[in-house]
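K.L.:
Please put together the full structure from these sequences, using the hints given.
2 protein chains.
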Amino acid sequence: MALDENIVVLIGGVGGAKLALGLAQVVAAERLTFIVNTGDDFWHLGLKICPDLDTLMYTLSGLVDPETGWGRANDSTAALQSLATNYGFEPWFRLGDKDLATHLVRTDLLRRGHTLTDATACLTERLGIRSRLLPMTDAEMPTIIETKDHGALGFQEYFVRHRWQPIVTSIKHKDCRLAQLTTAARHALRNADIVLIAPSNPWLSLAPILAVPGLRAFLAGLPLPIVAVTPIIGGAAVKGPTAKIMSELNIEISAASVANFYRNMISGFVDDCRNEAFTANGLRILRADTLMTDLSAKTRLAREILAWIKGWTR
Amino acid sequence: MALDENIVVLIGGVGGAKLALGLAQVVAAERLTFIVNTGDDFWHLGLKICPDLDTLMYTLSGLVDPETGWGRANDSTAALQSLATNYGFEPWFRLGDKDLATHLVRTDLLRRGHTLTDATACLTERLGIRSRLLPMTDAEMPTIIETKDHGALGFQEYFVRHRWQPIVTSIKHKDCRLAQLTTAARHALRNADIVLIAPSNPWLSLAPILAVPGLRAFLAGLPLPIVAVTPIIGGAAVKGPTAKIMSELNIEISAASVANFYRNMISGFVDDCRNEAFTANGLRILRADTLMTDLSAKTRLAREILAWIKGWTR
Numbered sequence: 000m001a002l003d004e005n006i007v008v009l010i011g012g013v014g015g016a017k018l019a020l021g022l023a024q025v026v027a028a029e030r031l032t033f034i035v036n037t038g039d040d041f042w043h044l045g046l047k048i049c050p051d052l053d054t055l056m057y058t059l060s061g062l063v064d065p066e067t068g069w070g071r072a073n074d075s076t077a078a079l080q081s082l083a084t085n086y087g088f089e090p091w092f093r094l095g096d097k098d099l100a101t102h103l104v105r106t107d108l109l110r111r112g113h114t115l116t117d118a119t120a121c122l123t124e125r126l127g128i129r130s131r132l133l134p135m136t137d138a139e140m141p142t143i144i145e146t147k148d149h150g151a152l153g154f155q156e157y158f159v160r161h162r163w164q165p166i167v168t169s170i171k172h173k174d175c176r177l178a179q180l181t182t183a184a185r186h187a188l189r190n191a192d193i194v195l196i197a198p199s200n201p202w203l204s205l206a207p208i209l210a211v212p213g214l215r216a217f218l219a220g221l222p223l224p225i226v227a228v229t230p231i232i233g234g235a236a237v238k239g240p241t242a243k244i245m246s247e248l249n250i251e252i253s254a255a256s257v258a259n260f261y262r263n264m265i266s267g268f269v270d271d272c273r274n275e276a277f278t279a280n281g282l283r284i285l286r287a288d289t290l291m292t293d294l295s296a297k298t299r300l301a302r303e304i305l306a307w308i309k310g311w312t313r
Numbered sequence: 000m001a002l003d004e005n006i007v008v009l010i011g012g013v014g015g016a017k018l019a020l021g022l023a024q025v026v027a028a029e030r031l032t033f034i035v036n037t038g039d040d041f042w043h044l045g046l047k048i049c050p051d052l053d054t055l056m057y058t059l060s061g062l063v064d065p066e067t068g069w070g071r072a073n074d075s076t077a078a079l080q081s082l083a084t085n086y087g088f089e090p091w092f093r094l095g096d097k098d099l100a101t102h103l104v105r106t107d108l109l110r111r112g113h114t115l116t117d118a119t120a121c122l123t124e125r126l127g128i129r130s131r132l133l134p135m136t137d138a139e140m141p142t143i144i145e146t147k148d149h150g151a152l153g154f155q156e157y158f159v160r161h162r163w164q165p166i167v168t169s170i171k172h173k174d175c176r177l178a179q180l181t182t183a184a185r186h187a188l189r190n191a192d193i194v195l196i197a198p199s200n201p202w203l204s205l206a207p208i209l210a211v212p213g214l215r216a217f218l219a220g221l222p223l224p225i226v227a228v229t230p231i232i233g234g235a236a237v238k239g240p241t242a243k244i245m246s247e248l249n250i251e252i253s254a255a256s257v258a259n260f261y262r263n264m265i266s267g268f269v270d271d272c273r274n275e276a277f278t279a280n281g282l283r284i285l286r287a288d289t290l291m292t293d294l295s296a297k298t299r300l301a302r303e304i305l306a307w308i309k310g311w312t313r
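Which chain is which? The protein sequence lines are A and B, in order. Quick note on numbering that gives the first Met the number 0: the first sequence kicks off at 0 and runs consecutively. Quick note on numbering that gives the first Met the number 0: the second sequence kicks off at 0 and runs consecutively.
In short, the hints are calculated from the structure, not lab data. Worth double-checking, as some hints may not be accurate.
Claimed, not checked - Chain B regions said to be covered by chain A (calculated; three or more residues, Cβ under 8 Å):
#: 1; region: 83 to 90
#: 2; region: 101 to 108
#: 3; region: 153 to 160
Stated by the list, open to error - If you only want the chain A side, here are some residues facing chain B, beta carbon under 7 Å, derived:
#: 4; residue: 42
#: 5; residue: 44
#: 6; residue: 45
#: 7; residue: 75
#: 8; residue: 77
#: 9; residue: 78
#: 10; residue: 96
#: 11; residue: 99
#: 12; residue: 104
#: 13; residue: 106
#: 14; residue: 171
#: 15; residue: 247
#: 16; residue: 248
Said to hold, decoys possible - Over the 10 Å line for every Cβ pair with chain A, so calculated as not near, a few chain B residues:
#: 17; residue: 80
#: 18; residue: 95
#: 19; residue: 215
Beta carbons: idealized from backbone N, C-alpha and C, even for Gly.
P.N.:
Next comes the structure, spelled out in structure tokens:
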């Protein structure tokens, strides 16, 4: 089976990166483009930090910490410890020393007037990544988490500082009107044969991407398969706050709810074989083992999804 | 002997920091103010780096690397190594991981609109330093080294990248007209009882301070002892390029030449007992052991200089 399609993946952080790594095993790197959530991005100590871009970069370049799925392997925290000990900074956001190199290079490029798209291209090129990683927008469009007891929180405050424990009442995307889909993302989508939606958190990681003005309409006009992969496995989230947030937003915790979240947008849905089967009007559903425990499982799932989609047009 | 004078020290990096540490042993911290050379400052990877301020901060807070006299003790270089290995940056300027914490905090404060004077006050306060460290100016006034074979070099390019090997033809201070003495420095000088000129490199470290518009005239109007300490010991520099530069600028390598460099400005000069004795019209000269090999030697020299100056007015 020749996999010569151009594939664009809408993607968040750790969960999505697993599928990204699988895809990278079965598709030529040049044919893979990732449009990455930047709603988690923030400025911290004067550094621009892009957690989802970093996770994907580190995963695809083999630098990622295999224990956590984010950050750099074998990283130290001498700078962070000095910030805390000598300068009284609360070290709630982990900044590894090696990781700092990424933030420094990116921030310097942005300060010199480069877009985040260009800065990311520079970083990925240096890391030897031949797939394209595109931020969903070059504008700042931070995700704001409205919570029951802590008011409005920036994403990292919610996710890292408060360990996603506050009860979410709604999720907003700031300065949304000023953001726009980048030329590079538009170009990638126009040349795509398949669009995948990674098994990232739909509300925290995909919703920000889909909130970029023009993206939903642009996707709707593309005559190609758009397929989402469930982040819900066995009626629960593999890791992180997906199920918790669904519960707080009064959404039934099921793959069907996720498919419903993407309704009118997707033509196919990859469900996990552990979930209760469901159907939806006009939606093709592949039931597969989506628990990507190791590289071979990631690769197998990527291959299975692509073969399934190819089958549609045979 | 009660040392209740207010002392202002014009000072550069490693050499001067030795005397600073000695003074800190014999004078109440609140009575000591350092006006520090910022001609060596530069922007590197988006970070504002102030080598002389850092050296003095680390020395006075006890964090300095005792081997080098600059940088932090027991520092690692994981970030720098990642910058080199992963992102292709030439690691010519050593950035320690702990050291990075300082650069990050300072840069963040500057980006938020604070002056270098305020940023330095914030850093020193966090480090528990009760003496005042004042940059010579809040403007950027980088020292430019004109060289025979490499053209004009930024200070750190000359000093670190080229290990002060290029032949110096002249030394310039960029954007000098826009710089001015800060209110804090002016206030400290107005309240000073004694001004010391540390045994730093006169041409590389003191000349930039003296080039700050208004400083020389301001000093000339102060009715108080101004005393310089020789950086030349036994007819040579203890360390660094002082003697080499004097030779390249066709200046005789002697303490007398240093005293002559400060002529019309100083009322006293501390010469090293190893140097050939000299006299200069109207200049009081103390001959002392100025080789500050350990803390007791630093303390002894500081005490001897201050006692000598006090004797003038008895």
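K.L.:
Please go over all the hints and tell whether each is borne out by the structure.
P.N.:
So, going through the hints one by one against the coordinates:
{"no.": "1", "hint": "83 to 90", "verdict": "holds (count 4)"}
{"no.": "2", "hint": "101 to 108", "verdict": "holds (count 5)"}
{"no.": "3", "hint": "153 to 160", "verdict": "violated (count 0)"}
{"no.": "4", "hint": "42", "verdict": "violated (9 Å)"}
{"no.": "5", "hint": "44", "verdict": "holds (5 Å)"}
{"no.": "6", "hint": "45", "verdict": "holds (4 Å)"}
{"no.": "7", "hint": "75", "verdict": "holds (5 Å)"}
{"no.": "8", "hint": "77", "verdict": "holds (4 Å)"}
{"no.": "9", "hint": "78", "verdict": "holds (4 Å)"}
{"no.": "10", "hint": "96", "verdict": "holds (4 Å)"}
{"no.": "11", "hint": "99", "verdict": "holds (4 Å)"}
{"no.": "12", "hint": "104", "verdict": "holds (5 Å)"}
{"no.": "13", "hint": "106", "verdict": "holds (5 Å)"}
{"no.": "14", "hint": "171", "verdict": "violated (25 Å)"}
{"no.": "15", "hint": "247", "verdict": "violated (34 Å)"}
{"no.": "16", "hint": "248", "verdict": "violated (36 Å)"}
{"no.": "17", "hint": "80", "verdict": "violated (8 Å)"}
{"no.": "18", "hint": "95", "verdict": "violated (8 Å)"}
{"no.": "19", "hint": "215", "verdict": "holds (36 Å)"}
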